[in-house]
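Asker: Here is how the chains run, residue by residue.
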Amino acid sequence: MLSPVKIWRNQKKVKSLLNLEGKILSYTKVYVPPAGFEQQAPYVVAIAELVGGIKVIAQLIEWQDKNLKIGQKILTVLRRTKDPGLEGIIPYGIKFKPVD
Amino acid sequence: MNVQVLGGLTSNFGELWDTSPRSLVRETCYQLFKNTSLPKSKIDAVLVANMLSSSLGNQDHLGAFFAEELGLNVPAVKVEAACASGGMAVHLAVLSILSGQYKNVLVVGVEKMTDYKPELVNKALMGAGSEGEREAGATFSSLYALMATKYMAEYKTKEEELAQVAVKNHYHASLSSHAQFKNQITIDAVLKSPMIATPLKILDCSPISDGAAALILSSDNKNSKVSIVASQSGSDSLSLSQRENLTSLKAAVISSRNAYKQAGITPEDIDVAEVHDCFTIAEIIAMEDLGFFKKGEAAKNIFAKKTWLGFGRPVVNTSGGLKAAGHPVGATGVKQVVEIFHQLNQTAGKKQVRNARIGLTHNVGGSGGTCVIHILKRN
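Keeping their order, the protein sequence lines are chains A and B.
Read in UniProt numbering, the first sequence has 72 at position 72, and its numbers run on one by one without any break.
Read in UniProt numbering, the second sequence has 166 at position 166, and its numbers run on one by one without any break.
Everything labelled a hint here was simulated from the structure, so no lab data went into it.
Don't be surprised by glycine CBs; every beta carbon is placed ideally from N, CA and C.
Hints may contain errors.
Unchecked claim - Cβ-Cβ distance ranges computed for the label pairs, FRET-style:
1) A:Pro4 with B:Lys34: 50 to 58 Å
2) A:Leu75 with B:Glu244: 20 to 28 Å
3) A:Leu75 with B:Asn58: 38 to 46 Å
4) A:Glu62 with B:Glu244: 25 to 33 Å
5) A:Gly53 with B:Ser41: 57 to 65 Å
All chains, full assembly: derive it from the sequences and hints.
Answerer: Below, the structure written as structure tokens:
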């Protein structure tokens, strides 16, 4: 089970990374997921450089094929990340959304 | 420095469902004691290389676990540095001999992975990554896929060129008795294999494997034919996203540069190398990080068979590499040194590189957070 304390601690970091624009440095479409992500596959994981030079790895959501390119502009948004199982606290984190 | 390799042995790699980690280690080490004519009473310390015994097997305290199995009462401890656990255990064994405290050190790497379903193994392996990577649902194949996407865009590399790395390593494995996959494959087969994380297909990826490998290092140079002449390690950010660039592993560049300096040689002197080809793109990047090819030129040189047995120098991954020999994580770094030992000792069998005098091992942990380099020389 995910530790609720750990989730609480990490939530504080999420705020500073929200609603920032950035550009995709690299991406991949994941077909074989780790445990906890089986329901989401296939999904796109990307590394983006945000305004201010912070680099973050996260999933790309609401994408179309034309968005899968290096240099694609994105915006950071808050989304549910992985399946917490039957008893865990639902974890939320950063994801990327393509913008024009 | 005086660190000798008295002997080395690799177990069969593969899906060893009827074999426990205990018996894998016992059989491999006892056979090694026999081969080297070194009674186990002469072993002064044991270093166990392993990554996943806690997360998959619920077993910690591997030093005592295997000391019991081997009937030894000497110092024994587990060394963990993700997929570089094996190389790191060899590195620490070298240092322990150089300290003068121990004369003969047994290094044994072991991993048991196929008892568990792939999703669980993928999750456990991501223990070597960062929290952010785990939260994104990244796997190790996807981290190397991120490097591949960037590398291919930057250097106009084709999927065929990536595939050729797997074709070469399967060819080498077909000559190797302990390899998990002894079948030869074609570029076409790699390109048509199921996608894991774009652009990497299943035949671009090393498998999930069980296996063990053991080495005896010593300061006694009376009967030894092979020495370790450099042992270096370097590190970098745990998370791939924090790297300066995605097409080179800084830890590998730093540790190999230091190793060449320590050995007093250049990359051109290397006859044979075992590099960490957890994915095809990893071998391409390794070739450049180690100074064998200029940046952006490794893929076409591998495609032109420059690193194949019987074609050019250095010959790379005669064991079949991680791709085809298999990748029992903790055993891999030890196996690399075992392979180079046999190449320099002229006991590599059908995959023997003629007149190999100097060899190198390149063992990477995680997506490049750790790298360990060894250089070995025939005495």
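Asker: State for each hint whether it applies.
Answerer: Evaluation of the provided hints:
no. : hint                              : verdict
1   : A:Pro4 with B:Lys34: 50 to 58 Å   : holds (54 Å)
2   : A:Leu75 with B:Glu244: 20 to 28 Å : holds (25 Å)
3   : A:Leu75 with B:Asn58: 38 to 46 Å  : holds (42 Å)
4   : A:Glu62 with B:Glu244: 25 to 33 Å : holds (30 Å)
5   : A:Gly53 with B:Ser41: 57 to 65 Å  : holds (59 Å)
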